[in-house]
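K.L.:
Chains P and H supply the protein sequences, listed in that same order. Residues in the first sequence are numbered consecutively from 6, following the numbering used here. Residues in the second sequence are numbered consecutively from 4, following the numbering used here.
Accuracy of the hints is not assured; some may be wrong.
Unchecked claim - Using C-beta positions, here's what the derived DEER-type ranges look like:
{"hint": "1", "chain 1": "P", "residue 1": "Asp452", "chain 2": "H", "residue 2": "Gln200", "range": "42 to 52 Å"}
{"hint": "2", "chain 1": "H", "residue 1": "Ser141", "chain 2": "P", "residue 2": "Asp452", "range": "24 to 34 Å"}
{"hint": "3", "chain 1": "H", "residue 1": "Asn116", "chain 2": "P", "residue 2": "Ile23", "range": "48 to 58 Å"}
The set of hints was computed from the structure by calculation and includes no laboratory data. In this text the structure is predicted, and so the values were computed from the model without any measurement. A virtual CB, placed ideally from N, CA and C, is assigned to each residue, including glycine.
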Amino acid sequence: MLFISVLKSLKDRKLIIIILIMIISLTITIYNTLNLSFDSLEKTYNDYLEKQNVEHVYLSVNNNYNDLKYQDIDFSLVDTSLKKTLLNFLYNPNTLSYFEVEDIKKLLDKMDVFKTKQIAILKSLQAKYHFTYELQQNKIIKQKKNNLILFNLKENKNINKPKLIKGRWPKENGEIVADKSFKINSTYLINQKKYKIVGIIYSPVYIYPMINVLNSLEDRVIYLTNDDFNLITGILNSGFAIKFDNYKRKMDFNEDNNDIRIKLLKENNIDYNIDTITRTNRVNYLKQEIENNRVLAKYFLTLLLGISIFINFIMIKKIIDSEKNEIGNEKALGFSKIYIASSYLVYPIVTIILGSIIGLIVSSLLVVPFTNLYGIGFNIPITNYVFNFNYFKQIIKFYLLLPLFTMIISFYLVRKKSLSLLKEGSNIKVNILTKIINRIFYLFPFDYKFKLSLAFRSLGKLIVIIFIILGASLLIVFSLIISNLFNQIVDSSFENMKFKYLIIFNSSLTDSEDGDYLFNVTGSIKNKEEINVIGIDNKTKYFKVTDKKINQNEIVINENLKNKYNLKLDDYLIIKIGNREYKYKIIDVTKGNTEIYGYVNRLDLSKKVGYKKIVYNEMYSNDNKYMSMDNLPLTKQDKISTILNINDLKNNLKKQMKNLTASIYFITIFSLLITFLVIVVIAYVIIDENKTNIALLKIMGYSDKKISKLVLNIYTPFIFITYFISIPIIKEIIKLVINDIEKQLDMVFLVTISIPQIILGLIILLGIYFLAIRLNKSKLEKIPLEIILKESR
Amino acid sequence: MFLKTVDLTKIYKNDKIKNVVLKDINLEIKKGQIVVILGPSGSGKSTLLNMLSSLDKKSKGYIFYDGKIISNLDFLKTRFRKNKVGFVFQDCYLLKHLTVLENIILAKRLSKNSFSCDEVIEMVNLKDKLNLYPHQLSGGERSRVSIARAIIKNPEILFCDEPTGALDEENGKKVLASLVNINKMKKTTIIIVTHNQGIALIGDRIISMKDGQIISNRKNKRKNPLEINWG
Ligand SMILES: Nc1ncnc2c1ncn2[C@@H]1O[C@H](COP(=O)(O)OP(=O)(O)O)[C@@H](O)[C@H]1O
Ligand SMILES: [Mg+2]
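So that you can see chain P by itself, here it is in the shape it has in the complex (with noise of 0.2 Å):
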C-alpha cells in the first residue's frame, strides 16, 4: 500500500527523479564504457599477438663500430650508451649520404660474416631456452618526410606475419602491400623504381606509432618480394625475431642476458643487443597504454562515483526530508516503522534500476565508437568488442549504499513521534541560530532581516543546498583540474629549457664549440630501473638544472625520481653505471615530470664510463644552422644522429600522451554533464522549497523582480562560498589519488588550477544555475497562484 503511495509520489517529483536516474545511467555508463573498450582493446591486442605470432625479442648483433680509436675504449666498463651509440650509428638514415655505395657493402659483407656465427649462437641458446626464431631484415630509406621501412615478405612467414587488410598479396615482383598510408592499386616510387601496391596491411612490429618520436619522420612500412628486397638499397638492419615456447622462459633469458652478451664479447668481439628501441616498443606500447589508460580510469571513475553517489544521496534524502507530513500521518494511521522506513526504499531502488538498464544500454553502444576511437592511433585491426557485466558488478556494489543510507534517514525520521513530525512538515521551528541572528540584525534594514531568516530558519533545508551545491563544485573543480593534468606535464618538462635545438650525436665526442655540451648515459637503479644519467658542466646557457655546483659523485635527480623513491636531499643513491656501481650524493631536485633521470659532473661521468678525456654526446643550442641538417658541412652530419627542435619535443610528448587525454577529457565531459544535471537540481529545489513563499509575495502584489531579490538571491553568496571551499577539497583528494597514480604510471603530475580556471569554473556555475532558476520559475509562473497556495497545504 504505502509503497505504491510513495511510487506514485514518484510522478510529482519527475523532474528529480529522471535527474537522479541520469546521474547514475551518466557514471555507469562513463565507467563501463571506457572499461569495457580497454578490455576490448587489450583483447584485441593479445588475440592480434597470437594470431600474427610475434615475436618476444628481437636479436641483432653488432660490430663494435666507432669512430673513436679502439684504443680509447675500456672495453670493461663498455655500457649500454655506448652501444646504443652504435647502434644508432648503423640505423640512421642520415648517415646513407655520407657512406659511399662501397663502404655499405664492405658494411654489409661484415654482417653477414656475422650471420653466421649469429646462428651458431642461437642454435647453442635455443637449447637451454627453447624458442623458434626467424631472420628478419629490413631495410630502411628516407625519403621526403618519410622513413620507409623496407620487408621481405619471404622472411615473415612464421613469426610477426603482416596482416593482410585489404587487396591481396603480391604474386610477382614489382607488387608490394603496404600499410594503411598508402592507396591500394595506385604504384609508389622507391629509389626511382615503381612498385604496384596490391595489398593494404598492418605489420605486427608497428602497432605503434607511425611518427617517429625522436626525429619527428613518419615511419612507413612496405613489405617486398624477395626478389625485390635483395635489389633494393638501404640501410640494413639484421637480426633474429625469437618467439619462446614458454613465454616464462623469457624471463630466464632476460636474467642471463648480461652475462651472456659479456661472454659473446670477449670470445668473439661480437655484441648483440636485444632490441627494445626499435621493436618491442612498438609492439608492446599498445598494453603500456591500455594499462595506463586503466591507472586513470580506475582512480578517477572512483572518484567521480564518489561525487555522484554523494550527490544522489543527497538528493534522495532532500525527497524523504519533504515527506515528513506523510511519515507523520502513516504513523498515526498505526504503520509499523519499518513498513514505513522501507517504503522509502522505492527512491533509491526505482532510480538505481533504472540508472543502471540505461547506463548498460548506452554505454554497450558506445563501446564500439569509444575502442575504435583509442586504436586510432595504432597499426592493429580491431576485431574484439567486449561487453560484460565485470565493470557493472564492481560499480553497482557502491550504489547499494544508497539504500542503505535512505534507510538510515528515514528510520531516523520515523522513529519521532508522529505529532512533532506533522508539526515540522507544516511548521519550522525556531532554532537558536535563527534568534541570535535575528538579535544581531536587529536594527538592519528589513530586506536583510527577511533574507537572514528566511536561509537560516530551515537550517536543514540550508544544509541540504548547500551540499547539493557543494555536489557540483567539487565536479566543476575536478573536471578542470583534472583537464589539466596533461598540459602542466608538458609545460613544466620544458620549463627551465632556452635552447631551440638538441641535437643528438651518433658517437661520443671531445671537440667544441658554442653550446652547452651534455654526456647521456643509461644506468640502472637497483638493476632494473633504468635512469638517464646526464653530465652537465657546472656553467650551462641554455637550460638550468640547479644553483649549486655539481662535484664529483654528486647528483641532481629529478622529480619523477624523488618521488618514486622518496628520496631526500643528502641521500644517497646507488646507480650501476656500464657494470660497477656508483654512490652518489643528491644534493638537488629539478623538475622533470617524465622518466627518470640525474644530472652529475661531466667529466667525472666520461671517466666512469671509460673515457680518458671529457667527452659528450648532446648539446643545447640556440644556433639556427641546425634548423636543417642540409646548412652544415657532411663531416659535421655524418656525426649528427638526430636533431631536435625543441617544439617538435613538446608535440611528440604531447602526441605520446594523446590517449591518456582522451580518457582524461572522457572524463571531464561526463563529469560536467553530471554538473550540469546537479545545478539544474539545485535551481529546482530552491525554487520548490520557496514555492510558497513567491507564491504569497506575489499575491501580496510584490514584483518579479523584487521577489528575485528578497528570496531567489539568498543563496547566491552561498554558491560562492561553497565553490571556493570545495577547490581546496577536491585539490588535496585529487593530490591523494594522484600520488598513487604517480607511482604506477612514471609521472610527476602537477594538481593545479589557474585563477582565470576559477573563474571560468565560477562563471559556468552561476551562468547555469541562473538559466535553471529562470527556467524553473517561468514554469511556475504557468501555474495559478492559487494552486500553489492550495498545493503548499
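Starting from the structure of chain P, add chain H with the ligands where the hints point.
P.N.:
Same frame as chain P, but now just chain H with the ligands:
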C-alpha cells in the same frame, strides 16, 4: 459600478473532460459594501473569488474594475494587487520564518498610504503577539494576522475566502467583527466567501451560488457579527 462581471465563465479541462465550474456569471458590486458569496462546497465560490481578484485566469467573459477591463498582462495584475487589493484566506498563508510584526511589515512596505502598524494591530487586537512566530499562534490569531496583513496597505477591496472556515464560533465572530470594523472605518469594499448561512447576514448583499451559477442575488440588512446565529 465598482466591480462588474459580464458572462464570466471558467472551464477546467482534465483528461479531455470539460468541467464548467463557473457559467456566465453576471454581477455588480458597489463600493464600500460588504458582499457575501454563499453556497455549498464545490459550488464555485473560490473560483469566482480568484477570478475577481486576478489570481486565476478566466476562460470567457469580462471583469471590469472601476470601469476598466482588468488586463491579462502579468505586471499589470501585479500592480493591481499591489495597489488595490487585500487577501484573507482560510489557511492564512503567513510566512513561517517571519514574526507577526514582520509579516505585517512585509505588506506595509508595498504601499505609500498605508496605515501604521499600531493602528492595524489595534484593529485586530494582536498587541501581545507581535514577536511570536506563526506556529506559536492559535488559529484565530493567525487569521487576524492575515487580516492585519491584508488591510495595512489600505486596499480598496478586500477578498476573504472562508476567513472563519477553520475557526470556532467565538474566534470566528471576532474575525468577522474585525472585518466589519474595517469596513466602517475605512470604507473598504469587502467580499466574503462562505458556506455558512449565518455569516451571510453580516453583508449588505448576499449572492447565492449553486453548481457554478448564481441562483439568487439579494440585498440584506447588515447584522452585527456578534449577534448572528453561528451555522
Ligand atoms: N484546478 C482545478 N482543476 C479542476 N477542477 C477544479 C480545480 N479547482 C477547482 N475545481 C473544481 O471546481 C469546482 C469549484 O471549486 P471551488 O471554487 O473551490 O468550490 P467552493 O470554493 O465553492 O467550494 C469544484 O467542483 C472543483 O472540483
Ligand atoms: Mg472554497
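K.L.:
Hints numbered earlier in the text: which of these fail when held up against the supplied structure?
P.N.:
none
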